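**Q** Chains B and C: place on chain A using the hints.
Chains as they are written, first to last, in this note's numbering: chain A, 1 to 220; chain B, 1001 to 1260; chain C, 2001 to 2221.
The hints are simulated quantities; they were obtained by calculation from the structure and are not laboratory data.
Since the model is a prediction, treat every value here as computed from it, not as a measurement.
Since no wrong hints were added, every one of them can be taken at face value.
Heads up, simulated DSS-like pairs for lysine-lysine below, C-alpha to C-alpha not over 25 angstroms straight-line:
hint	chain 1	residue 1	chain 2	residue 2
1	C	K2113	C	K2217
2	B	K1084	B	K1011
3	C	K2113	B	K1062
4	B	K1028	B	K1244
5	C	K2218	C	K2113
6	A	K117	C	K2217
Here's the letter readout for the chains.
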Amino acid sequence: MNYTFDFNSITFAPLLRGLVVSLELTVAANIIGVIAGFGLALLLMSPYRLLRMPFMLFVEFFRCTPAIVQIVWIFYCVPMLFDVFLDPITMGVLALGLNLTAFNAEAYRASIQAVPKEQIDAGIALGLNPWQRVLYIVFPTAFRASVPVLLTNGIVIFQQSALVAIVAIADLMYEAKSLATETYRPIETFTVVALIYFAVSFPITQIVGFLERRRQLLAG
Amino acid sequence: MTMSFSLPLVKMQALHKSYANGEIQVLKGIDIEMKPGDRVVVIGPSGGGKSTLLRVMMGLEKIDSGSISFDGKPYISSDGVGKKTIIDTNVRRSIGMVFQHYTLFPHLNVIQNLILAPCKVRGEPKAKAEARAQALLERFGLGAKARAFPAQLSGGQKQRVAIARALMLDPKLMLFDEVTSALDPELVSEVEQVIMQLASQNMPMMIVTHDMWFAKNIASRVIFCAGGVVVEDGPPEQVLGSPKEERTKEFIDRVFHIKQ
Amino acid sequence: MSLDFSVLARFEHALFLGLVTTLELTAVCILLGCTLGFLVGLARTSRSTILRLVSGTYVEFFRGTPVLIQLFWIFFCLPLILGVELSNFASGVIALTLYMGAITSETFRASLKSIGPEQRDACVALGLPSRVQVTSVILPQAVLRAIPTLLSNCVSLFKESALVSAVGMADLMFVGQNISNNTARPVEVLTVVALIYFVIAFPLTRAVTLVEGRILKKLAI
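Next up, chain A with everything else stripped away, as it sits in the complex (with noise of 0.2 angstroms):
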């Protein structure tokens, strides 16, 4: 192997910068996908068929298309069919925001339904009306369980972040690949590179699994 390693070369300042624009990026995509995932919930969950489809729709079509054409689509058609100029990390926060809140949207939905009809029926028992009930025990327990799984979706999220490199966003992605380039040494910059992406990631990750250990100690 011809290839002589030299860590040296790598300067971390464009990776630091690179670094606080994805988790800007990712910060930013979490507070859209989890308030407004949590609004889009209760939207799936109206009796209301009209008020439903379009909002499933919505959900189905971020699912099941690729993030990248998502990004893609965002940064080369908002502009031209809403005849608007958004600065390219708007853009981003807006593919990934929107992403977030289909995903979440689901896990929020899935928790909420997962609340035993048993505790609702002793709530109504008790008296408590409808806004009651919602508010002291579907809540509480829906939100409790939906923890882990919009953590790591917040996750999933920051190593999608990586995909707006694509549209010459300056994330994390984008530095490396430029230094790579530059440098001729792709093997340090995508190594270190990835290691961080792994270093923010997986102590998440573990807080998650920390979480649901502990859920499912309580739960007995």
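**A** For chains B and C alone, kept in the frame of chain A given last:
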């Protein structure tokens, strides 16, 4: 009392077993002898060690110390906590066990469940095994269900299939672990009838149960087991009707009080 | 602005070829990936600590990093290490197989774990030796239980396959982007591309629920 000079079928001596490295004692010195043809019913409070006893007999659990011999041959023994439990698997093959939750293989139909062990372990030809299996199923009134899957059977049917599956290996001793406890009340009697059938064919058996029907109608001997030891051991009329030990009396009173 | 979908008429064949490439790539990686995932899933539950550590590291790494970087690494770095040139198809297959192997190993591991210990008890009670226990009782149940999640893993793979366009492989996404650039009509072209992916992935996700229901009914789990 019949005088019998035949060897005991099962001889358990000084069985000790604990969990968590000796912290939780489950069996604290069990001595039981089963004579050939005995039908022993073990009753007692939950956690008293009765199911553990059966599982140890089947070689599913290790023991700390003590020994079990079967048909005169050494079967299970151990020298102490942490030391290896020696189990003679050849002897183990002569014992059959039926569990509380039937534990049929869900991906195989009834006949396949029955012939799996004879074919794969003993090399019995498939056609012969199937014929035997079909005959057994007919005996238990399940002939029509031969090709059904466990998911399509009721609890009582599943349990009867589980019993048939164990019988396919011609065991010399059958162990029944709370086999009616998981069943709806209407389904219990069909299982009781099948076990009665086996009893009338002189199959030696050890039955752990809450269901007093077994103690009253099938047992040749009743053992009351509590706190990891054998408290009382004798014929059903004695243990159920006029128990010698205070603890046994308390238990019997409570059980019959609930039943009434 | 006006939409004109007729621009695509010229490119039907090109899009079709792109789709075929995507499907071929997906199919190959499903087969290789599931096999790899099965072996890794077994390794993760094995008694050997080394096997568990190695397989665990592999799975955590491939699940904890973006697929894009895995692809770039294989495409740019592997040739340098191995000293051979890798076509973008080969790079794509290797990267996606490794990814698929990691996610399916989790599926198999979970399904193996979900088989209750009572099944082992029943095998012991029937005197079934370990080999028979594993091949006739444990494995068939594990595979059946894994099928619904495996189907959804396949859909994920199908979606990730679009990334190979980033290393120049002429899959559906690559072709679509080219056409979009050529005709300067991204809305029509990219929408159609998205719809093609959707039309394939959506029925598969519905099939997952169907298959799950069927299997659950058969096994009464």
